[in-house]
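Asks: Between the sequences and the hints, there should be enough to build the whole structure, so can you do that?
These are the residues of each chain, in order.
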Amino acid sequence: MKYSALALLRGALAGHRTWTPAWRSPEPKAAYDVVIIGGGGHGLATAYYLAKNHGIRDVAVVERGWLGGGNTGRNTTVVRSNYLYPESARLYDFSLKLYEGLSRELNFNIMLSQRSHVMLAHSRHDLESIARWASAMHMHGIESELLTRAQVGELLPALDLSPAARFPVLGGLRQRRAGTARHDAVAWGYARAADALGVDILQNCEVTGFETGAGGEVTGVETSRGRLRAGRIGIAVAGHSSVLARLAGFRLPVTSYALQAMVTEPLKPRLDTVVISPGTGAYVSQSDKGEIVIGGGLDLFASYAQRGSFAVLQSVVAATLAMFPSFSRLRLLRHWAGIVDVVHDSSPIIGPTPAPGLYINCGWGTGGFKAIPAGGWLLAHALATGRSHELAEPFQLERFTTGRLIDEAAASGIAH
Amino acid sequence: MMQLECPWCGPRDENEFACGGTTHSARPELAASDAEWGEYLFFRDNPKGLHLERWRHTYGCGLWFNVARHTVTHEVLAVYPMTASPPPLG
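For the record, the sequence lines run as chains A and B. Here the first sequence stands for residues 0 to 415, where the numbers follow numbering that gives the first Met the number 0. Here the second sequence stands for residues 0 to 89, where the numbers follow numbering that gives the first Met the number 0.
To be clear, the hints were calculated from the coordinates, so they are not data collected in a lab. The beta carbon of each residue, even a glycine, is placed where N, CA and C say it ideally should be. Incorrect hints may appear among the rest.
What the hints assert, rightly or not - Selected chain B positions facing chain A (Cβ under 8 angstroms, derived; list incomplete):
id, residue
1, M0
2, M1
3, E4
4, D12
5, G20
6, D33
7, F41
8, F42
9, N45
10, E52
11, A67
What the hints assert, rightly or not - Have a look at the derived ranges for each label pair, beta carbon to beta carbon:
id, chain 1, residue 1, chain 2, residue 2, range
12, B, L88, A, L246, 46 to 54 angstroms
13, B, P27, A, K288, 17 to 25 angstroms
14, A, V242, B, A77, 17 to 25 angstroms
Replies: Given below as structure tokens:
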């Protein structure tokens, strides 16, 4: 069923009794060409691009819980491509460009809102950093603007601009094409489009082990819903990457941490950009529903708990109020955490693993949502061709042996 | 707020401490290969369950010490000195 204004009108006239499920819930088959582990944004996008770009439609996506129930449903919905190094800038801008066409491509409104992303500068050093950053982005062909303090004030009237602020605002770096997208819609849109191309989405299906052949190559997975044979397997499970790697017999340069986010009760439009303050340690946007969406730094100890600690919550809220004192009487409605896969250089890993036939897409750490279209596209390319896409070449596991790291720690915005 | 038991100062709030990551990682010989160095520097077990890690009472006495902690429940199972082997954990 194609979604359109006309379809909506027809549905309304028929009392909304004509809508069909957006994807099937099939029984697992015994064998597939490709099995993808992880039914979040990255896994579903991988399945979609396998079918769409490479014509490989005999694909299963296996998900332990429900679609988009992990980090895809736990992020702060920010999309942007203001990265420092050329490898990352190319990668994230490729992702943002795919996002820009995604609603039309998937026939599913992902509610992309390119409302600008503003990074604040609080010191002379920050001003020099953002000037370097803006120049780097210019070299990568990605637009960005340096803002004066007055321009920041025009964009963000609710922001505390007083010189007496704990972290006085001196300027900012703006990316206009950045913004937010509806996170669940990204997962659902990819799921629906992949399903329409023949992909089987298997929910409540936990991988419990890998089957391997004589040469150590993967030949299938054992799951809570039976065995699935497949010669090529992709892993896109974010914070649980190390758990899957252990099942397959290798280790990753990954540590799992809890990353918190929270929303307040809804209020009238007050903030129409995404704003991040590395000085105070929080980033803030306002959702279409009116909630203030707040994120901050990691809980800096290894965790698989999907809940954040009060110590970090307290500092993130304090940071938000230092920026926006008028939010002080808002109540927090919800507060949650996702388990993120942090790598030493804050850059992803997309490519083959030590087990032949097994490919991985992980290490996005605190910034996986914005990378969903690119992550899916590149993992699909590796699974389909056995080779890394040009954009993914710098992001291989080997870099932790060669030392060719791409240290984007600064570009994660908050000092994690 | 989570509390940790500093061996010197006693139980204190989590935000007085800094976690130093996995403990008991043995440094390879200087002649080690790039792969061995990479393994030592970057690759981790990152277990879902019991994790042996080092913590520092950064905003207190400054002491480094080892903690055995569960990464799902966050339960602290043991606190032991920096140079000691992990105690038996049932």
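Asks: Please go over all the hints and tell whether each is borne out by the structure.
Replies: Now for the hints, and whether the structure bears them out:
no.: 1; hint: M0; in the structure: holds (5 angstroms)
no.: 2; hint: M1; in the structure: holds (6 angstroms)
no.: 3; hint: E4; in the structure: violated (15 angstroms)
no.: 4; hint: D12; in the structure: holds (7 angstroms)
no.: 5; hint: G20; in the structure: holds (7 angstroms)
no.: 6; hint: D33; in the structure: holds (5 angstroms)
no.: 7; hint: F41; in the structure: holds (4 angstroms)
no.: 8; hint: F42; in the structure: holds (5 angstroms)
no.: 9; hint: N45; in the structure: holds (4 angstroms)
no.: 10; hint: E52; in the structure: holds (7 angstroms)
no.: 11; hint: A67; in the structure: violated (12 angstroms)
no.: 12; hint: B:L88 / A:L246: 46 to 54 angstroms; in the structure: violated (23 angstroms)
no.: 13; hint: B:P27 / A:K288: 17 to 25 angstroms; in the structure: violated (53 angstroms)
no.: 14; hint: A:V242 / B:A77: 17 to 25 angstroms; in the structure: holds (23 angstroms)
The earlier numbered hints that this structure contradicts are 3, 11, 12 and 13.
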